[in-house]
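Number of protein chains: 2
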Amino acid sequence: MDRPEIIMAPGPTPVPPEVYLAQGSPLVYHRGPGYGDLLREVTEDLKRLYKTKNDVVIFASSGTGGLESAVANLFSPGDTVVVPVAGFFGERFAKIARAYRLDVRTIDYEWGRAVDPADVEKTLADTGARGVLVQQSETSTGVIHPVEDIARVAKQAGALIAVDCVSSLGAVPFETDAWGVDAAISGSQKALSATPGLAFVAISPAAWEANETAQNPRFYFDWSLYKTAYALSSPENPFTPAISLMQGLRAALRLYFQDGPDRAQRRHELLSRAVKNGVRALGLDLFGDHPELAWAVTAVRAPEGIDGDELVARCRRDHGVILAPGQGPLKGKVFRIGHLGYYDRLDIMRGLVALELTLESMGYPLKRGAAVAAAEDVFSQG
Amino acid sequence: MDRPEIIMAPGPTPVPPEVYLAQGSPLVYHRGPGYGDLLREVTEDLKRLYKTKNDVVIFASSGTGGLESAVANLFSPGDTVVVPVAGFFGERFAKIARAYRLDVRTIDYEWGRAVDPADVEKTLADTGARGVLVQQSETSTGVIHPVEDIARVAKQAGALIAVDCVSSLGAVPFETDAWGVDAAISGSQKALSATPGLAFVAISPAAWEANETAQNPRFYFDWSLYKTAYALSSPENPFTPAISLMQGLRAALRLYFQDGPDRAQRRHELLSRAVKNGVRALGLDLFGDHPELAWAVTAVRAPEGIDGDELVARCRRDHGVILAPGQGPLKGKVFRIGHLGYYDRLDIMRGLVALELTLESMGYPLKRGAAVAAAEDVFSQG
Numbered sequence: 001m002d003r004p005e006i007i008m009a010p011g012p013t014p015v016p017p018e019v020y021l022a023q024g025s026p027l028v029y030h031r032g033p034g035y036g037d038l039l040r041e042v043t044e045d046l047k048r049l050y051k052t053k054n055d056v057v058i059f060a061s062s063g064t065g066g067l068e069s070a071v072a073n074l075f076s077p078g079d080t081v082v083v084p085v086a087g088f089f090g091e092r093f094a095k096i097a098r099a100y101r102l103d104v105r106t107i108d109y110e111w112g113r114a115v116d117p118a119d120v121e122k123t124l125a126d127t128g129a130r131g132v133l134v135q136q137s138e139t140s141t142g143v144i145h146p147v148e149d150i151a152r153v154a155k156q157a158g159a160l161i162a163v164d165c166v167s168s169l170g171a172v173p174f175e176t177d178a179w180g181v182d183a184a185i186s187g188s189q190k191a192l193s194a195t196p197g198l199a200f201v202a203i204s205p206a207a208w209e210a211n212e213t214a215q216n217p218r219f220y221f222d223w224s225l226y227k228t229a230y231a232l233s234s235p236e237n238p239f240t241p242a243i244s245l246m247q248g249l250r251a252a253l254r255l256y257f258q259d260g261p262d263r264a265q266r267r268h269e270l271l272s273r274a275v276k277n278g279v280r281a282l283g284l285d286l287f288g289d290h291p292e293l294a295w296a297v298t299a300v301r302a303p304e305g306i307d308g309d310e311l312v313a314r315c316r317r318d319h320g321v322i323l324a325p326g327q328g329p330l331k332g333k334v335f336r337i338g339h340l341g342y343y344d345r346l347d348i349m350r351g352l353v354a355l356e357l358t359l360e361s362m363g364y365p366l367k368r369g370a371a372v373a374a375a376e377d378v379f380s381q382g
Numbered sequence: 001m002d003r004p005e006i007i008m009a010p011g012p013t014p015v016p017p018e019v020y021l022a023q024g025s026p027l028v029y030h031r032g033p034g035y036g037d038l039l040r041e042v043t044e045d046l047k048r049l050y051k052t053k054n055d056v057v058i059f060a061s062s063g064t065g066g067l068e069s070a071v072a073n074l075f076s077p078g079d080t081v082v083v084p085v086a087g088f089f090g091e092r093f094a095k096i097a098r099a100y101r102l103d104v105r106t107i108d109y110e111w112g113r114a115v116d117p118a119d120v121e122k123t124l125a126d127t128g129a130r131g132v133l134v135q136q137s138e139t140s141t142g143v144i145h146p147v148e149d150i151a152r153v154a155k156q157a158g159a160l161i162a163v164d165c166v167s168s169l170g171a172v173p174f175e176t177d178a179w180g181v182d183a184a185i186s187g188s189q190k191a192l193s194a195t196p197g198l199a200f201v202a203i204s205p206a207a208w209e210a211n212e213t214a215q216n217p218r219f220y221f222d223w224s225l226y227k228t229a230y231a232l233s234s235p236e237n238p239f240t241p242a243i244s245l246m247q248g249l250r251a252a253l254r255l256y257f258q259d260g261p262d263r264a265q266r267r268h269e270l271l272s273r274a275v276k277n278g279v280r281a282l283g284l285d286l287f288g289d290h291p292e293l294a295w296a297v298t299a300v301r302a303p304e305g306i307d308g309d310e311l312v313a314r315c316r317r318d319h320g321v322i323l324a325p326g327q328g329p330l331k332g333k334v335f336r337i338g339h340l341g342y343y344d345r346l347d348i349m350r351g352l353v354a355l356e357l358t359l360e361s362m363g364y365p366l367k368r369g370a371a372v373a374a375a376e377d378v379f380s381q382g
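Heads up: the sequence lines are chains A and B, in that order.
Each residue of the first sequence is one higher than the last, beginning at 1 in the working numbering.
Each residue of the second sequence is one higher than the last, beginning at 1 in the working numbering.
Since the hints were made in silico from the structure, they are not lab data.
Some clues are possibly wrong.
Unchecked claim - Restraint ranges, calculated between C-beta atoms of paired labels, are given here:
| id | chain 1 | residue 1 | chain 2 | residue 2 | range |
| --- | --- | --- | --- | --- | --- |
| 1 | A | E209 | B | R280 | 48 to 56 Å |
| 2 | A | S76 | B | K122 | 31 to 39 Å |
| 3 | B | R254 | A | G283 | 48 to 56 Å |
Beta carbons: idealized from backbone N, C-alpha and C, even for Gly.
Given these sequences and hints, build the entire structure.
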């Protein structure tokens, strides 16, 4: 039977039928009141999600385009920025900053470590850097970096802070305004469970001030063009938007908020706990610092004698369940289970069953049903 | 009755049900064989459309992102480029080049003129410029610039040529390899009638050579990252692609080519002729040089005493048919009828009827049915 594969990777995430229907529905023309209403609703909902009064701009691009927009709009060639690197996406932010000829001072951690705000504080003091570029959820390791504390030391040093919360916004507590984040970048295909192709950025007043003098070249990702077009009596995008994806995102945001602002986030915490207990009940070890905070994605050490890449390949081939492999130095050594987005309890169970069956087929000794039982324990406690 | 509006603007264009269904269908995961097959099919079909053996890269962005990619990947700050400006999109290409601190030498035409290759030749000789940035279809005026001749003078001067064929590729004859175009940029929501959010670029060997030394900063739009990812055994995008839009684009390309490579283009010529004869039969004047070449969009002078913007607004309000207004200096003076994309004969008739009714309601004297009769004459001749 040819069934769609079940994605349990950390993005794209499972897309609800409401989103598919919305993006398969007739286009709203992008000039005029229909699209203006759509853009306003989506923008206002994103502000709620970001917990911000700041401007939010939306690009037709992947999340990486959003990251690049922060580098291009905030800085000038030669500006010093501090970039903690503890995984693949830390490396990506550093690469983008180098591409724009910033003076990039990385703080290099073993992959799987959480960033220590004291390291950022010290490096800011040593370098007088103008900015900090960091992830909240380092998707490659699942680790949540302490953005609130990092933002505080950045502010104290008079530096701007840009946060890649692509795989965390909506899944993990994030407070744009309360924490003082200057540019918070996220995307459509993660906790919101819309489809990929939209990136958004929440931009603080300090970021707008920096934008005025930043010399890095930009056009498509120029925040100010989006702000100007949004300020029209019927809000617009400066360039033809990905209208269908916007229609899908509107449907996704309505679903996300249907039970109130915090319910979806609590669901992420619960599902994360169920996955982690299930995995531990199979005798597997979680990977990375503070896994209890990793509500978006769970990184698991491949057990002795089992190759993580092979496990991921078999699970997809035999069960149609897509987990994510380890990246970079973690290749083969870890695998990752995404549980952000439009999942509920039984979706998690299904994934744990596929994991059990796959491990068993690879000769790993386990007690059948152990992962599911442990997850049921979590759910029964609520 | 609440019906979807009928878009007769030059993009987005009418989206066939097959495209909506494809982009409302379950996501193909973007790593592995399913997406690899999709990306390969779309890329090969685009090469057919471009008439090229060159590499084609696809971005999740609007067409403007594709234009920016040409500026970022081909040039370095201070490089001189010649930019003929005869409308809104000529201005846009110049703005992008200035944003990247190129030395931009515009050739300024009255809006509505076609670029004269002799002017480009002279400016190249005077400046020793490294590149030419030009549109094929200047969407704001409907005018087709003579890309074949412009490319020849560029080659003779040793300059690169980047062509914005966003609103012309697939609607108007375009020969990437035969004409020697180094970067040809187009988008999903025009002649192909997929939805907006994808841009593509055909990149010549000379463009790749320039890419190696070009110093302009780039990351998300860095062509080489896309080339590397496409070369994997199962082709990928370097960043999470707009998967749903790619599924829609595949469906659109299959429809486009279903009657053979040139049939769709001949359809555009026929529909364009029908629109133009219909408009003339109402006593209206076409706007711009060589309207017989403007197979993508027809620009029409608003008649004496009729404001073009009001005409467009009434036609939308009263008939749900979206025409496009004049831009910049043409505001109020012209209106535009898009006939590129998934239109057939009766769709054109429907648009002409809406135009007749709207003009009549504004007090313009006309003979009812005149536009439709003139279009029928065109169709009867084939």
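CB-CB spacing for A:G283 and B:R254 relative to the 48 to 56 Å hint:
holds, 49 Å
CB of A:E209 to CB of B:R280, is that within 48 to 56 Å?
Roughly 55 Å apart at Cβ, these two residues keep to the hinted range, so it holds.
Do A:S76 and B:K122 keep their Cβ atoms within the hinted range of 31 to 39 Å?
holds, 37 Å
Going through the hint list in order, the structure satisfies each hint without exception.
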